[in-house]
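Put together the whole structure using the sequences plus the hints.
Numbering (numbering that gives the first Met the number 0), first residue to last: 0 to 316.
These are calculated hints, taken from the structure and not from any lab test. Every value quoted in this text rests on a predicted model; they were computed, and no experiment measured them. Glycine included, every Cβ here is placed at the ideal spot set by N, Cα and C. Some hints here could point you the wrong way.
The calculated label-pair distances, taken between Cβ atoms and stated as ranges, are [said to hold, decoys possible]:
1) I275 x I241: 21 to 27 Å
2) I275 x S308: 43 to 49 Å
3) P56 x W213: 31 to 37 Å
4) A214 x I71: 47 to 53 Å
5) L67 x G276: 45 to 51 Å
6) S267 x F216: 52 to 58 Å
7) H112 x I205: 31 to 37 Å
8) P74 x S209: 53 to 59 Å
9) A223 x S308: 43 to 49 Å
10) I205 x I173: 45 to 51 Å
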Amino acid sequence: MAGASLLTLLDDIAMLLDDVAVLSKVAAKKTAGVLGDDLAVNAEQLSGGLKADRELPVVWAVFKGSMLNKAILVPIALLLSYFLPVVIMPLLMIGGAYLCYEGFEKVWHAYAHKAEQSQHKADLINALNDPSVDIKAYEKDKISGAIRTDFILSAEIIIIALGTIATQPITTQISVLIFIAILMTVGVYGLVAGIVKIDDGGLLLIQDKSASLWAKFKRGLGYAMIDFAPKLMKFLAIAGTIAMWLVGGSLITHGVESLHHIIEATTSLAAQVSVIGGILSAITPLFIDLMVGFLLGALLVFAHLGFNSMKAKLTSS
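As structure tokens, then:
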């Protein structure tokens, strides 16, 4: 009897691990958009304004803060799923709306405050070259800001992942969420660490001034890495913004039944187009999600600007 019980337990554990593996893949795919934005935001925040020898310690500090964020968020998400499952979809939609807003706000701020951003960068460079500036205090502010941003993005990742496994047993939910939390944190900050050190790696390679073929190859690779680093950052910033609209828009369209039906009908019509029907049916839902995310983000940003303008007028009068 004891042997049978042990075999049953082992079989249950094996089934659980199999479920966790499958569901983790699904959850990881669902959170990939937010992961792209998470990577872009954190790499952008941590790559500028830090001395080379302090970049990795700062990334490590934010990594630890991110793990703490997820240690707080995972139990909260599980409690909500168990006691108040009805709030999961509204929370997903609120999170989606925030992603849409954040994506458009980034674009609007870059467009409307170009001079302000240039001045900020110049002031930052001057401050870091000033020996009287407290670098440790600056680092703490940078770390705190990155951890606050990570908390919001981590909440989105956990809620989206939970939405894919809400009907599964609690043990499976716990396992999947812990796996996703660790995978996303290690993945994001491992890549961030690599990204912020690309240019330093290039500088190291070009220091070999010998005339050998190998030295020439290293110098060429080093210059290519230095040239590639800022281009990669720009690409991540653009890809991250688009990912925000795609993920945010998809959360809204899945929560609004009429929009979901429109997507299904449009995709069905696109599939009937000769030759390119398969391609059109694949990109149509993404295009609609992107448009919904972009338009909702624009609406929320301009509504916020209008509210602030009215508030300023009332305060001054």
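In rising order, the numbers of the hints this structure does not comply with: Violated hints: none; all satisfied.
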